[in-house]
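Student: Residues per chain, in single letters:
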Amino acid sequence: MLKAKHKTGLVFFPAFDWAISPTHPEREERLLYTQDQVLEEGLFDIDGILEIKPDLVTVKDIQRVHFCVPDVWSVSTESHFISAGGAKTIGSAVLDKTVARGFALVRPPGHHAMRVVHGARGFCNINIEAVMIEYLRRAYGVDRVAIVDTDCHHGDGTQDIYWHDPDTLFISIHQDGRTLYPGSGFPHEQGGPNAMGTTVNIPLPPYTSAEGFLYALEKVVMPILTEFQPELVINSAGQDNHYSDPITHMNFSAQGYAELTRLLQPDIAVLEGGYAIEGALPYVNVGIILAMAGIDFKAVKEPDYDPQRIRQHPQVTRQVAAVCEAVRDLWDRRETNRLRAQNTETVVHRDRHIFYDTDMMHESQKETVRVCAQCAGALRIDSSSSRGKRVLAVHIPRKACAACREMASQWYAAAAKDQFDHIFLQDRTGDLYEERR
Amino acid sequence: MIIGLDVGGTHTDVVLLGDSGLVRQVKVPTDAANLFRTVLAGLESVTTSLSAPELHRIVLSTTLTTNAIAQEKLPPVGMIVSSGPGLDPESHRTNAHYFAVSGSIDHRGREVASVSEGEVRQVAAGLKADGIRTVGIVGKFSIRNPRHELQIQAMLKDQFEKVFMGHQVSGSLNFARRVATTYLNAAVYPIHRSFFDAVQKSLAQKGLGVPLLILKADGGTMNLGASIEFPGQTILSGPAASVMGAVAFAPDDADAMVMDIGGTTTDIAIIRNRIPQLHPIGARLGGYRTLIRSLETRSIGIGGDSVVTVTHGGLQIGPQRQGPAMAFGGPRPTPTDALFIMGEMSGGDQRASARGMAAVAQDLGLSIEDAARRVFDEACRRILAEARELTDRVNNRPVYTVQDLQRGDKLDPALILILGGPAPYFARRLETLSGKRVKLVPRWQVANAIGAALARTTCEVVVFADTHRGMVMAPEENFTGTVDQRFTSRDAVETAFGLLKTKAFQIGAQEDDLEMEVLENLQFNMVRGFRTTGKNLRVKVQVKPGLIRTYEKMTAHPPSTSTAQERTDRVT
Chain H
838 MLKAKHKTGL
848 VFFPAFDWAI
858 SPTHPEREER
868 LLYTQDQVLE
878 EGLFDIDGIL
888 EIKPDLVTVK
898 DIQRVHFCVP
908 DVWSVSTESH
918 FISAGGAKTI
928 GSAVLDKTVA
938 RGFALVRPPG
948 HHAMRVVHGA
958 RGFCNINIEA
968 VMIEYLRRAY
978 GVDRVAIVDT
988 DCHHGDGTQD
998 IYWHDPDTLF
1008 ISIHQDGRTL
1018 YPGSGFPHEQ
1028 GGPNAMGTTV
1038 NIPLPPYTSA
1048 EGFLYALEKV
1058 VMPILTEFQP
1068 ELVINSAGQD
1078 NHYSDPITHM
1088 NFSAQGYAEL
1098 TRLLQPDIAV
1108 LEGGYAIEGA
1118 LPYVNVGIIL
1128 AMAGIDFKAV
1138 KEPDYDPQRI
1148 RQHPQVTRQV
1158 AAVCEAVRDL
1168 WDRRETNRLR
1178 AQNTETVVHR
1188 DRHIFYDTDM
1198 MHESQKETVR
1208 VCAQCAGALR
1218 IDSSSSRGKR
1228 VLAVHIPRKA
1238 CAACREMASQ
1248 WYAAAAKDQF
1258 DHIFLQDRTG
1268 DLYEERR
Chain A
57 MIIGLDVGGT
67 HTDVVLLGDS
77 GLVRQVKVPT
87 DAANLFRTVL
97 AGLESVTTSL
107 SAPELHRIVL
117 STTLTTNAIA
127 QEKLPPVGMI
137 VSSGPGLDPE
147 SHRTNAHYFA
157 VSGSIDHRGR
167 EVASVSEGEV
177 RQVAAGLKAD
187 GIRTVGIVGK
197 FSIRNPRHEL
207 QIQAMLKDQF
217 EKVFMGHQVS
227 GSLNFARRVA
237 TTYLNAAVYP
247 IHRSFFDAVQ
257 KSLAQKGLGV
267 PLLILKADGG
277 TMNLGASIEF
287 PGQTILSGPA
297 ASVMGAVAFA
307 PDDADAMVMD
317 IGGTTTDIAI
327 IRNRIPQLHP
337 IGARLGGYRT
347 LIRSLETRSI
357 GIGGDSVVTV
367 THGGLQIGPQ
377 RQGPAMAFGG
387 PRPTPTDALF
397 IMGEMSGGDQ
407 RASARGMAAV
417 AQDLGLSIED
427 AARRVFDEAC
437 RRILAEAREL
447 TDRVNNRPVY
457 TVQDLQRGDK
467 LDPALILILG
477 GPAPYFARRL
487 ETLSGKRVKL
497 VPRWQVANAI
507 GAALARTTCE
517 VVVFADTHRG
527 MVMAPEENFT
537 GTVDQRFTSR
547 DAVETAFGLL
557 KTKAFQIGAQ
567 EDDLEMEVLE
577 NLQFNMVRGF
587 RTTGKNLRVK
597 VQVKPGLIRT
607 YEKMTAHPPS
617 TSTAQERTDR
627 VT
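Protein chains in written order, with the working numbering: chain H, 838 to 1274; chain A, 57 to 628.
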């Protein structure tokens, strides 16, 4: 009889009755063949693998992370509540020690959803990992968390949410933004002035194979994790680096994903993208589940797997090595960089333009953060969408210092009502969310 | 008339039912070492001076295969499995003669790697040399394409007495369980076959050559012929018999719990709207997880004769039984002895009960009377806790659609139906402790045998269609067809019902009792390159477990349905 080395919980929620649109990659059929494979392999029967029914998240769980415009229900569906709920359920099971590790195999995904949400971008509305993490922080007192995003697309939403948070390490390994949506995620993107260095981007060239991914993991990700010493490691487990994925250009395999999971040893994995629903997902997911449970996965293979055909070109190998070296170098110099960034001004501004590809709209943001050596800093976002909504979003971070709390309260109170459709305050010190009427 | 016979661990219950109800009821001791004699003795006890024309059928629920599996007394069989990539097939090993061969089929039923004839022949030669006569063949995803299993079967030619194939034992996914299920079918086949050949022969000699039906784990019956083809389905029919005995007394618009309180164990199940709830995947027995259709039951090692001990100051009841209660000459104190001390039961040696309970009382630092109450309460509480766990397990079962999750259809039984020998004595306390209504099933001592007698024939059919590949199939039913893009989910259901009807009649169903329903109906648009290329349809239908119509009238107006309160009044 098979027995899991690490007791592993699985939330499997394929949302067989939900799609963005009938022929959209994010449709009912997406996890159908994965379910077939997982059931046929009998994974839920393995001693030490536990299937857990997802709970829904609450509006409050979402408001702990997002500013939804005009409100939560306008930008999300039941399916998002369940998907984020699946992540929350798994996270709770791990922290309750019901299981040692957990994997939320849920859809829709979330890592492109930013702090302010006007609609869907990159198939995402609600950042399911962030909703889970902030819930776990609130309910279990977790502090330092690391997120390793292995989706092929840069996790720009998660990066945005944790841009100023020195207690959350966000590492994204993805296909180079010059060649793929969303076009960001370069090594110089390292976080705001209060959290310089805790955002780490590792853009890999197209056609990187398992060799390159595992190289980046060993040379950059693992040493950084060791230094950061997180209480929880979370893997945003996108599966679109697969050689057969229809919307990306990488050469990763089920074996590669399983090996990556074995080395990374995440406490919690959450499914993100991955759209080779027949040829990749069934095998990648089986590989990841086995690797999390500590069961031999050597014989998990795609029917058309041919290591020769997806062997990494030496040119790619050289590029991967160069990127890794640059990222390591930036990480090592993060303290100097942070001091330099904090030395100049009392507040730092950022003007951004955000495109919502799924909902076809634009957002302009003027972001202001208070430079602070004590906390993540008071945050003010003035956001307008091409649908004509303008909102002011004020965020008081979880461990805000008195000065930042004071500044945020002033911003909130002083906002001119005639200039904004909505004025929101997210006060994480009191776990409050309110709108000024 | 119908005979229902249910072999239990301690007693075998037999009933003879006529048009107007129960004609005879008998209890004979079970001789586990000679079940054949037990069954015959049971049948004889109700058939004396009965002539064959009066008798319509006999339904048997035995522990034959269950015991053989639980006690690991299984003859050697050969297993040939073809798994392809994925988990190491060695981890599904069921027995010594277990061989993994090449060949691979993917999740849509496409061949990835072929079977090697030389390899199979070599395995077959080895099995033959070791004197193996029964063989199981199982392929991964064989229910999506049984070709490899059929090829291997053809390669074996006629070298073996009986060959079982994975795609025929169930229409559900789960390779490991398919391996276990095929193995169990193959392994119990010779035992089951020779037993029932002998039963049939004896009955014929007595002039009782009527149709024999066998009770299955899902609370339905099948004819003898079908049971020889799929003998694995006869496991765990005991708990199913009890549930079927209670079905008639469950409400048709609410949930009810069934508890069969026996000497050694208590079996618990759930009935919704008078339909017993099925396990979503299949029965579990010993170390085997199977795809055998089964009722959702939970068994706890607490019954009237469970041994009571105190270890480290803690009260322990069961799971052992070491004979009857001390009141009836047994060696160790039991909950039944507690009932004697409490004055609830009479007709035995109460002083022996008190003697046995004295040591328990001393260890607990209580008077004998208080100890007896503690013991009895503890037994009731443990049974109720187990029942709650069963409801929780069902209610926390994952669902896979937004609609199902939102609907949140939770079981909430407000009624407990109890049966089994000690049942009447438990009723009032269970009612107080649970806060639910507790009802004693009429003829609680033999309700299980009545359940077996009146159970209808059940079965299930799974249909899978892939219009992209242009095919519809139900390999379990040996059915494949071609379809075009116009094939809809309604067509798939119609196909499934057609197959279900044929199958039901084949295994013994009557036209009157074909209550069919759709268990699962999923349809997916298959999109390749942003274009819809076909539909993927999965339909599962069943004949619902229930009672045959002919005898509905005899249970419709039960003569002696009683609530806990009424019953206690009568007994005390």
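Quick caveat, the hints were computed from the structure, so don't treat them as lab data.
One or more hints might be untrue.
Under 10 Å between C-beta atoms, here's a sample of chain H residues computed to sit facing chain A [claimed, not checked]:
(1) A852
(2) W855
(3) K890
(4) D908
(5) W910
(6) S911
(7) V912
(8) I919
(9) P1119
(10) I1132
Listed below are the simulated DMTMM-like cross-link pairs for lysine to aspartate or glutamate, each with C-alpha atoms no more than 20 Å apart in a straight line [said to hold, decoys possible]:
(11) H:K842 / H:D1133
(12) H:K1135 / A:D144
(13) A:K466 / H:E888
(14) H:K1138 / A:D144
(15) H:K1138 / A:E285
(16) H:K890 / A:E573
(17) A:K492 / A:D460
From the three backbone atoms N, C-alpha and C, an ideal C-beta is built for every residue, glycine too.
Student: Against this structure, judge whether each hint is valid.
Tutor: Here's how the hints hold up against the structure:
no., hint, verdict
1, A852, "holds (6 Å)"
2, W855, "holds (5 Å)"
3, K890, "holds (4 Å)"
4, D908, "violated (20 Å)"
5, W910, "violated (14 Å)"
6, S911, "violated (18 Å)"
7, V912, "violated (17 Å)"
8, I919, "holds (6 Å)"
9, P1119, "holds (6 Å)"
10, I1132, "holds (8 Å)"
11, H:K842 / H:D1133, "holds (10 Å)"
12, H:K1135 / A:D144, "holds (9 Å)"
13, A:K466 / H:E888, "holds (18 Å)"
14, H:K1138 / A:D144, "holds (12 Å)"
15, H:K1138 / A:E285, "violated (36 Å)"
16, H:K890 / A:E573, "violated (26 Å)"
17, A:K492 / A:D460, "violated (27 Å)"
Comparing the model with each earlier hint shows violations of hints 4, 5, 6, 7, 15, 16 and 17; every other hint is respected.
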